[in-house]
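Participant: One letter stands for each residue in the lines below.
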Amino acid sequence: MTMLESLLVVLPEVILTLGATDLLLVAAFSTKPNLGRRVSIYAVLMLIACGLSLLGPAGDGGAVFGGLYNADAFSTFSKILIYASAAIAILMAPRFFDRRGEMRPEYPILILLSALGMGFMVSSGDLMMLYIGLEMQSLAAYVLASFMRQDTRSAEAGLKYFVLGALASGILLYGVSLIYGFTGTTSYEGIGIAMASGMSTGELFGLVFVLAGLAFKISAVPFHMWTPDVYEGAPTPVTAFFATAPKIAAVALAIRVMFDALAPATDAWQQIVIFVALASIALGAVAAIGQSNIKRLLAYSSINNIGFALIGIAAGTQAGVAATLSYMTIYVVMTLGSFLCVLQMRDADGRPVEGIASLAGLSKSQPALAAAFAIFMFSLAGIPPLLGFWGKFLVFDAAVAAGLFPLAVIGIALSVIGAYYYLRIIKTIYFDDAATPYAPANSVVENGLIALTAATVSPLGYLLVPFLALTAGNAAAALF
Amino acid sequence: MGARNCREPCRRCALPLSRSRFLQGSQDNVIQAFAFYLFATIVIASGALTIVSRNPVHSVLWLILAFFNAAGLMLLIGAEFIAMLLVIVYVGAVAVLFLFVVMMLDIDFAELRAGFTRYLPFGLLIAVVLLCEMIFAVGVWNFADIGPDARMGTIDPDVPNIEAIGRALYDRYLLVFEGAGIVLLVAMVGAIVLTHRERGGVRPQNIGKQIKRRPEDATRNTQPEVGKGVEL
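Those sequence lines, one after another, are chains A and B.
When you line the first sequence up against my numbering, it's residues 1 to 480, in that order.
When you line the second sequence up against my numbering, it's residues 1001 to 1232, in that order.
The shape of chain A in the complex, shown without the other chains (with noise of 0.2 Å):
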């Protein structure tokens, strides 16, 4: 395969590399006034390139760079997703930025970076390429979160997110240095070919260790401490970005290791992935029923989808990858919703408000907000004619079909559990006292994504059923 072709099918990622360049010169040397908004737009206009390059060779081009990275369609479904959620993460940013005047270029830029690294992450068919991009892909993230710096509970996040993610990357590396000296390769093919002879201790050993960095990074028990703090202080559009795309990117590329490399182990994983499911699930519902701020809920709520995502991985099986690919896509439209609404949640001056009891009598000063939030609410927790109901039983289904029946019965008993805390927020809006209301949502980008992000979540979601049944389904059968 010659250099050129090569390049094409790493297409996206050579847009995001020259589009983010570009725009940091951009943002050096331009002296127009209302620089971040134009290079939102632009950033936006980028990754919608990235989409459109997937239908190209990029979409499945095979492996390149001698079996480095992976373009099948598994890849391109993950990053469509994770393209998705980073524009709708760069739409929402203006009008929650500009209050303070910080909406600053680097924003659009540091995300386009990002997701430049999540690109590597879902792509990667070694394990140097899941370093680099996870790397990338967290560094860009710890400067996110602390991006209002005379915020100190911005300064506090990040700072927190970055010596939390700096000790759960050397984790993941010496869990990849072990496998590494006990197969030889770095290649997930390689490894697979290794350990297809029977494991040793030692690779043993690096795989609890590589499983223990990727919980990290997606937020599952018992890595999670740091996902409350982080999701609290970091600001909302931020939140809303971490609660998305790199949850994608790192459950993608979870399943790519465990699918690809460590498919003989797969006894060895299971039971982690298992143990790690329902812890998520439960401390995900018990721990929310006390928090007061919105975003820390919703911190607790995205450590609960976690675990509902892993008990497809938990099955081991093809459908069960498909259910967590179906899982994955309805939670990021749930939760990018609720973010959306929680981001109308200011006060008269334009602030910011965070406490759950502020929405009390949002039904009255602002029906149609409160008929979204309680739309988003009931479908994270998974009432039936809404599609949250959908991914879950997907999820059960697999693991059922799979064998794991106590799984089955455990995941949904705590799913009961775990519904509490969204109906209280539903009674709290319905039909406590008022409260002071919030300032008038009237931007139209905002307001429309909401419309749109509510109607796919509403039953009318299901019409999209079969297509994304289908495509999840090619998805983890490139995997098999």
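In case anyone wonders, no lab produced these hints; they're calculated from the structure.
Nothing here was measured: the structure is a model prediction, and the numbers come from that model.
Here a beta-carbon is modelled for each residue, glycine too, at the ideal position from N, C-alpha and C.
Worth double-checking, as some hints may not be accurate.
Said to hold, decoys possible - Now the stretches of chain B that chain A is said to cover, found in silico as 3 or more residues with beta-carbon under 8 Å:
1. 1161–1174
2. 1179–1191
Said to hold, decoys possible - The following residues of chain B were derived to be distant from chain A, with all beta-carbon distances above 12 Å:
3. H1058
4. L1073
5. L1105
6. D1158
As the list claims (entries may be wrong) - In silico lysine to any residue, SDA-like type, Cα no more than 25 Å apart, as pairs:
7. A/K32 <-> B/R1203
8. B/K1209 <-> A/V26
9. B/K1212 <-> A/T31
10. A/K32 <-> B/V1193
11. A/K160 <-> B/V1101
12. A/K160 <-> B/A1191
13. A/K160 <-> B/G1115
14. A/K32 <-> B/D1217
15. A/K160 <-> B/V1087
16. A/K32 <-> B/I1088
17. A/K32 <-> B/L1105
18. A/K32 <-> A/R100
19. A/K160 <-> B/K1209
20. B/K1212 <-> A/A28
21. A/K160 <-> B/F1116
22. A/K32 <-> B/A1191
23. A/K32 <-> B/H1196
24. A/K32 <-> B/K1212
25. A/K160 <-> B/R1203
26. B/K1209 <-> A/A84
Mind docking chain B on chain A? Use the hints.
Facilitator: Just chain B now, kept in the frame of chain A:
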């Protein structure tokens, strides 16, 4: 020295080539062994002194000595390119940077060390656990399973060191190498985003404006009469 000069590449033991030559001659043998033990002893000694010396500047200086001798060890096994890199990158850039940072930061190292004895038991516990794990991991290491061919790329005796590294970096691992470059770019952008401030009250030089300025704009000729001043 290096891979090129070795007539009999030692594939079987997968040792770097000069080491295999190292086992052949008798005269060379003694000198190389002497050099090895000299370098190794100094590395270990200066490494220990880096940790124990009270003055942080002395620590950095000991660190530089350790780097130098590690480079000597690299030369001995025939990895001359890595030896040069160690000297240029670690001694030339990193260590000097450390030195500057240590000298510029006003850190009270005595205060930093104050908690040392308090945290010592806990630190020792962690260290012992890690040590046990490492011994365990090395203990279960089964060389026979891995095999020299799997452990490292096959060595072509006709390809010099630098060329072999270049081929790996710019051919096989091109994408990872470029990716690492972007990671560094992200780190740089991050540092600027978090620390750069537009300060008011500074007067930046505007070169365009300076060049456009003509003498007519700034000066004028007048011929004041005797006894009268100039109107400004």
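Participant: Of the numbered hints stated previously, which ones are contradicted by the structure, given in increasing order?
Facilitator: 14, 15, 16, 17, 19, 25, 26
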